[in-house]
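Asker: Quick mapping for you: the protein sequence lines, in order, are chains A and B. Going by our numbering, the first sequence opens with residue 1, and the numbers climb by one from there. Going by our numbering, the second sequence opens with residue 1, and the numbers climb by one from there.
By construction, these hints were calculated from the structure, which means they are not laboratory data. Hints are supplied without guarantee of correctness; some may be wrong.
[To be verified] Some chain A residues well away from chain B (every beta-carbon gap over 10 Å; in silico):
| # | residue |
| --- | --- |
| 1 | His31 |
| 2 | Asn115 |
| 3 | Thr251 |
[What the hints assert, rightly or not] Computed far set for chain B versus chain A, every beta-carbon distance over 12 Å:
| # | residue |
| --- | --- |
| 4 | Glu170 |
| 5 | Val239 |
| 6 | Arg311 |
[Stated by the list, open to error] Calculated pairs, SDA-like style, for lysine to any residue (alpha carbon to alpha carbon, straight line, at most 25 Å):
| # | chain 1 | residue 1 | chain 2 | residue 2 |
| --- | --- | --- | --- | --- |
| 7 | B | Lys259 | A | Leu287 |
| 8 | A | Lys28 | B | Ala139 |
| 9 | B | Lys322 | B | Glu134 |
| 10 | A | Lys259 | B | Glu190 |
| 11 | B | Lys322 | A | Asn312 |
| 12 | A | Lys286 | B | Lys263 |
| 13 | B | Lys58 | B | Thr102 |
| 14 | B | Lys259 | A | Asp243 |
| 15 | A | Lys322 | B | Ala258 |
| 16 | B | Lys191 | A | Glu261 |
| 17 | A | Lys29 | B | Glu134 |
| 18 | A | Lys143 | B | Ala340 |
| 19 | B | Lys140 | A | Ala290 |
| 20 | B | Lys191 | A | Asn312 |
| 21 | B | Lys322 | A | Ala335 |
| 22 | A | Lys322 | B | Asn312 |
| 23 | A | Lys259 | B | Glu261 |
| 24 | B | Lys263 | A | Gly297 |
| 25 | A | Lys193 | B | Glu134 |
| 26 | A | Lys29 | B | Lys193 |
| 27 | A | Lys29 | B | Lys322 |
| 28 | A | Lys29 | B | Asp236 |
| 29 | A | Lys259 | B | Gly297 |
| 30 | B | Lys28 | A | Phe43 |
| 31 | B | Lys263 | A | Ala137 |
| 32 | A | Lys140 | A | Ala214 |
| 33 | A | Lys143 | B | Tyr195 |
| 34 | A | Lys322 | B | Lys140 |
| 35 | B | Lys28 | A | Ala137 |
| 36 | A | Lys28 | A | Phe43 |
For glycine and all other residues, C-beta sits at the position ideal for the given N, C-alpha and C.
Protein chains: 2
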Amino acid sequence: MYKLAIVGFGVVGQGLAEILLEHRERLKKEHGFEYSVVAVSDFVKGAAYDPKGLDLAKLLALAKENGISQYPGAKTGWNAIDTIVKSNADVVVEATYTDIKTAEPAYSHFKAALNSGKHLVTTNKGPTALFFREVAALAKSKKVQFRYEGTVMSGTPALNLVALCLAGNEIREIRGIVNGTTNFILTNMEKRKSYADALKEAQDLGFAEAVPDADVEGFDAMAKVVILAKAVMGADLKVADVDRTGITRITLDDINNAKAEGKRWKLIGRVAREGGAVRASVRPEKLDVADPLAGVGGATNALTFSTDLIRNVTIIGPGAGKIETGYSILVDLLAINRTAPAARPAAPKKPAPKKTAKKAAKRMKKIRKRAKKAGR
Amino acid sequence: MYKLAIVGFGVVGQGLAEILLEHRERLKKEHGFEYSVVAVSDFVKGAAYDPKGLDLAKLLALAKENGISQYPGAKTGWNAIDTIVKSNADVVVEATYTDIKTAEPAYSHFKAALNSGKHLVTTNKGPTALFFREVAALAKSKKVQFRYEGTVMSGTPALNLVALCLAGNEIREIRGIVNGTTNFILTNMEKRKSYADALKEAQDLGFAEAVPDADVEGFDAMAKVVILAKAVMGADLKVADVDRTGITRITLDDINNAKAEGKRWKLIGRVAREGGAVRASVRPEKLDVADPLAGVGGATNALTFSTDLIRNVTIIGPGAGKIETGYSILVDLLAINRTAPAARPAAPKKPAPKKTAKKAAKRMKKIRKRAKKAGR
Numbered sequence: 001m002y003k004l005a006i007v008g009f010g011v012v013g014q015g016l017a018e019i020l021l022e023h024r025e026r027l028k029k030e031h032g033f034e035y036s037v038v039a040v041s042d043f044v045k046g047a048a049y050d051p052k053g054l055d056l057a058k059l060l061a062l063a064k065e066n067g068i069s070q071y072p073g074a075k076t077g078w079n080a081i082d083t084i085v086k087s088n089a090d091v092v093v094e095a096t097y098t099d100i101k102t103a104e105p106a107y108s109h110f111k112a113a114l115n116s117g118k119h120l121v122t123t124n125k126g127p128t129a130l131f132f133r134e135v136a137a138l139a140k141s142k143k144v145q146f147r148y149e150g151t152v153m154s155g156t157p158a159l160n161l162v163a164l165c166l167a168g169n170e171i172r173e174i175r176g177i178v179n180g181t182t183n184f185i186l187t188n189m190e191k192r193k194s195y196a197d198a199l200k201e202a203q204d205l206g207f208a209e210a211v212p213d214a215d216v217e218g219f220d221a222m223a224k225v226v227i228l229a230k231a232v233m234g235a236d237l238k239v240a241d242v243d244r245t246g247i248t249r250i251t252l253d254d255i256n257n258a259k260a261e262g263k264r265w266k267l268i269g270r271v272a273r274e275g276g277a278v279r280a281s282v283r284p285e286k287l288d289v290a291d292p293l294a295g296v297g298g299a300t301n302a303l304t305f306s307t308d309l310i311r312n313v314t315i316i317g318p319g320a321g322k323i324e325t326g327y328s329i330l331v332d333l334l335a336i337n338r339t340a341p342a343a344r345p346a347a348p349k350k351p352a353p354k355k356t357a358k359k360a361a362k363r364m365k366k367i368r369k370r371a372k373k374a375g376r
Numbered sequence: 001m002y003k004l005a006i007v008g009f010g011v012v013g014q015g016l017a018e019i020l021l022e023h024r025e026r027l028k029k030e031h032g033f034e035y036s037v038v039a040v041s042d043f044v045k046g047a048a049y050d051p052k053g054l055d056l057a058k059l060l061a062l063a064k065e066n067g068i069s070q071y072p073g074a075k076t077g078w079n080a081i082d083t084i085v086k087s088n089a090d091v092v093v094e095a096t097y098t099d100i101k102t103a104e105p106a107y108s109h110f111k112a113a114l115n116s117g118k119h120l121v122t123t124n125k126g127p128t129a130l131f132f133r134e135v136a137a138l139a140k141s142k143k144v145q146f147r148y149e150g151t152v153m154s155g156t157p158a159l160n161l162v163a164l165c166l167a168g169n170e171i172r173e174i175r176g177i178v179n180g181t182t183n184f185i186l187t188n189m190e191k192r193k194s195y196a197d198a199l200k201e202a203q204d205l206g207f208a209e210a211v212p213d214a215d216v217e218g219f220d221a222m223a224k225v226v227i228l229a230k231a232v233m234g235a236d237l238k239v240a241d242v243d244r245t246g247i248t249r250i251t252l253d254d255i256n257n258a259k260a261e262g263k264r265w266k267l268i269g270r271v272a273r274e275g276g277a278v279r280a281s282v283r284p285e286k287l288d289v290a291d292p293l294a295g296v297g298g299a300t301n302a303l304t305f306s307t308d309l310i311r312n313v314t315i316i317g318p319g320a321g322k323i324e325t326g327y328s329i330l331v332d333l334l335a336i337n338r339t340a341p342a343a344r345p346a347a348p349k350k351p352a353p354k355k356t357a358k359k360a361a362k363r364m365k366k367i368r369k370r371a372k373k374a375g376r
């Protein structure tokens, strides 16, 4: 029986909760996986803790009204760090918002979870991209797992695919479509819509934000490329090392000219071993229609792994979505269940030393202020 | 340190040997996987056994001259069953030829391996398709592993993908291109070659056999579909239950008409849950070009898994090849190494009772006679 603490109860956290609630029996029967969600904490929606487990249906209902702190009978009022450090969870699910510049507050959550001997499962690209090595090393030193399948293509296998199904290969190059919004825009431009119209449609459908830069300038894809470079190729790479160009300068003429040549424009994230180094880029590339990536339309994502033993393997699937991303956490939990059922840490006997908790609280206060300023 | 016995040292067995030989250091360093090939047995190429391990370079050289039985210092003259039962191996690699009607002699090899408490890794579609339940149950009762990734798309992840990377999903449908030869022919017909010309080219390139029925009539795809139905969906399905149509009646007109509609003909293997039952088919289907399977050209294979939590995930990669299929065995060995490093059986203290060995030898004699008759 795993005890889970979910930090960040937005779309992804709720997606996970829905899956866990609906499929409790299947997970137990088919995978021997049993869980209890002991704590949830969210900036906006409130926080609740019950060491014996919370009712997920009740939690989901309260979350709708931002009323998790009204959970009857639970300990409430804890912030994220309290929830991570003081709860009796053995796995922390980190699903707060991504900040690709500072990685906070998620990075503090990551460290608090691992430092208190808890497994960490996350969908958060910020600290995974910026501090991958540090986090992986900390997890190793604490003998707990750090899992992050959902940071690249939601629940579509990417990191687990490499680690488990392509094991034994040398991965020489990874290239693919890791941002659904830009792929949706480019696919729509092939239907003779202008960039502006296609972007507007993506915004109306909720794929793109009002300020769409994270997607259309390639920042989101860049974070994913950095994660692949570090996690799969062990590269020592900075975000600034990625050669990044977005799709904002692609015109309808470009699209049509490519079509006439039997080609298609795609925003391609790429990581490749070149000599001793690993090079990374995000930029529009004109693909031959015979390329498996060329046929990937709409908001779908895809990656092609070039290997020495099984040549090119391409995986195509959703790159976002409530249940899809929630599922990425489940698949990581099942991996922990397969590989560390005995090794999972016992609940901490006593709360963390006050000094650490105080320090963390102080840090969180600062972060929250900053986040408020940024209008989150 | 795993001790391997390789039964069947044709293209696949040699592919595995080449990989093991070339990447010994990498496998040890990155996966903690160490091996020693203690026995090899092949109908044509001979047999050798050394409980302390054989030299793979020497083996590969001798195999070229059908001279494995000349391996200096090794015990020679063992047949497949001797090799399986009497050797000190803890993993048996079964890579003999596929017989989709009787599954022999491979089925006897499967049973001998599992009955002597050895893990079984195979690329052999025959017994995996025909006797999946029996073999899986035997492996379970003997507390050893039965792994068969290479039976569907060589080393391209299919069965491991479902079990590890799509874990927790309900798989509702699997459809895909699981025969490279027919896909090669259909792709070539799109270049305005007739069926006969395209088939001849496939034969000249060694993709298709002189009697091409196994491929073009859909028997090979049928075996793979049955494996997916049984292994992934737990179906109780007979080969005869598969609704099977090959590609021999597809004309150049069909191909061109489809093209004009923005569609493509593919030989699609399909397994789907329908009500309480699992239905399976292999038949040409006209796919919309937006379907990820439509873009899969040449001898490449692909599968789309339709699931309840991560929707449709498609994997595309090689479906055959010496190194590609050899790799499928490696990835299964690494899975055993991850999950059963301690549980692997000790070498049997004494050879199997003479009675069993004699009975097996008798059976093998019969099988060999039959095989000779069939011109193998």
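Asker: If a hint holds in the structure, say so; if it does not, say that too.
Answerer: To see whether the hints hold, each was checked on the structure:
Look at His31(A): its CB is around 6 Å from the nearest CB on chain B, not clear of 10 Å, so calling it non-interface is violated. Under the 10 Å C-beta cut-off, the non-interface status given to Asn115(A) relative to chain B holds; the minimum distance is some 27 Å. With a minimum CB-CB distance of about 24 Å to chain B, Thr251(A) clears the 10 Å threshold, and the non-interface call stands. Taking the minimum C-beta to C-beta distance to chain A, about 7 Å, the non-interface status of Glu170(B) is violated against the 12 Å cut.
Interface exclusion of Val239(B) from chain A stands, the closest Cβ pair being 27 Å apart, more than 12 Å. Non-interface call for Arg311(B) relative to chain A: violated, since the shortest CB-CB distance, roughly 5 Å, does not exceed 12 Å. Pair hint Lys259(B) plus Leu287(A) holds up; C-alpha atoms about 21 Å apart against a cutoff of 25 Å. In summary, the hint linking Lys28(A) to Ala139(B) is supported, as the alpha carbons are separated by about 23 Å, within the 25 Å threshold.
In summary, the hint linking Lys322(B) to Glu134(B) is not supported, as the alpha carbons are separated by about 29 Å, beyond the 25 Å threshold. The hinted pair formed by Lys259(A) and Glu190(B) meets the criterion: a straight-line CA distance of about 19 Å does not exceed 25 Å. For the hint linking Lys322(B) to Asn312(A), the alpha-carbon distance of about 15 Å falls within 25 Å, and the restraint holds. At most 25 Å may separate the alpha-carbon atoms for a hinted pair to count; Lys286(A) and Lys263(B) meet this at roughly 23 Å.
About 34 Å separates the Cα atoms of Lys58(B) and Thr102(B), which puts this hinted pair outside 25 Å; it is violated. Using a Cα cut-off of 25 Å, the hinted pair Lys259(B) and Asp243(A) is violated, with the two alpha carbons roughly 39 Å apart. Distance restraint check for Lys322(A) and Ala258(B): the Cα-Cα separation of roughly 37 Å exceeds the 25 Å cut-off, and the hinted pair is therefore not satisfied. Of the pairs offered as hints, the one joining Lys191(B) and Glu261(A) holds, with about 17 Å between alpha carbons and a cut-off of 25 Å not exceeded.
For the hint linking Lys29(A) to Glu134(B), the alpha-carbon distance of about 22 Å falls within 25 Å, and the restraint holds. Between Lys143(A) and Ala340(B) the CA atoms are separated by roughly 20 Å; this keeps the pair inside 25 Å, and the hint holds. The hinted pair formed by Lys140(B) and Ala290(A) fails the criterion: a straight-line CA distance of about 43 Å is larger than 25 Å. Taking the CA atoms of Lys191(B) and Asn312(A), the gap is about 24 Å. The hint holds against a cut of 25 Å.
The straight-line distance between the Cα atoms of Lys322(B) and Ala335(A) is roughly 31 Å, outside the 25 Å bound, and the hint therefore fails. Using a Cα cut-off of 25 Å, the hinted pair Lys322(A) and Asn312(B) holds, with the two alpha carbons roughly 15 Å apart. Between Lys259(A) and Glu261(B), the direct Cα distance comes to roughly 18 Å. Compliance with the 25 Å bound is thereby established for this hinted pair. Straight-line distance between C-alpha atoms of Lys263(B) and Gly297(A) comes to about 16 Å, which keeps the hinted pair within the 25 Å bound.
Taken as a hint, the Lys193(A) and Glu134(B) pair is broken in the structure, with Cα atoms around 57 Å apart against an allowance of 25 Å. As the CA atoms of Lys29(A) and Lys193(B) are separated by approximately 52 Å, the hinted pair breaks the 25 Å bound. The straight-line distance between the Cα atoms of Lys29(A) and Lys322(B) is roughly 39 Å, outside the 25 Å bound, and the hint therefore fails. Among the hinted pairs, Lys29(A) with Asp236(B) is consistent with the structure: their alpha-carbon atoms are about 20 Å apart, no more than 25 Å.
Restraint check for Lys259(A) and Gly297(B): satisfied, since their Cα atoms lie roughly 19 Å apart, inside the 25 Å limit. With a C-alpha separation of about 46 Å, the suggested pair Lys28(B) and Phe43(A) falls outside the 25 Å cut-off, and the hint is violated. At most 25 Å may separate the alpha-carbon atoms for a hinted pair to count; Lys263(B) and Ala137(A) exceed this at roughly 50 Å. Note on Lys140(A) and Ala214(A): the hinted pairing is violated, with a Cα-Cα distance of about 32 Å set against a maximum of 25 Å.
The straight-line distance between the Cα atoms of Lys143(A) and Tyr195(B) is roughly 59 Å, outside the 25 Å bound, and the hint therefore fails. At most 25 Å may separate the alpha-carbon atoms for a hinted pair to count; Lys322(A) and Lys140(B) exceed this at roughly 37 Å. A C-alpha spacing of about 21 Å is found between Lys28(B) and Ala137(A), which places the hinted pair at or below 25 Å, so the restraint holds. Note on Lys28(A) and Phe43(A): the hinted pairing is violated, with a Cα-Cα distance of about 31 Å set against a maximum of 25 Å.
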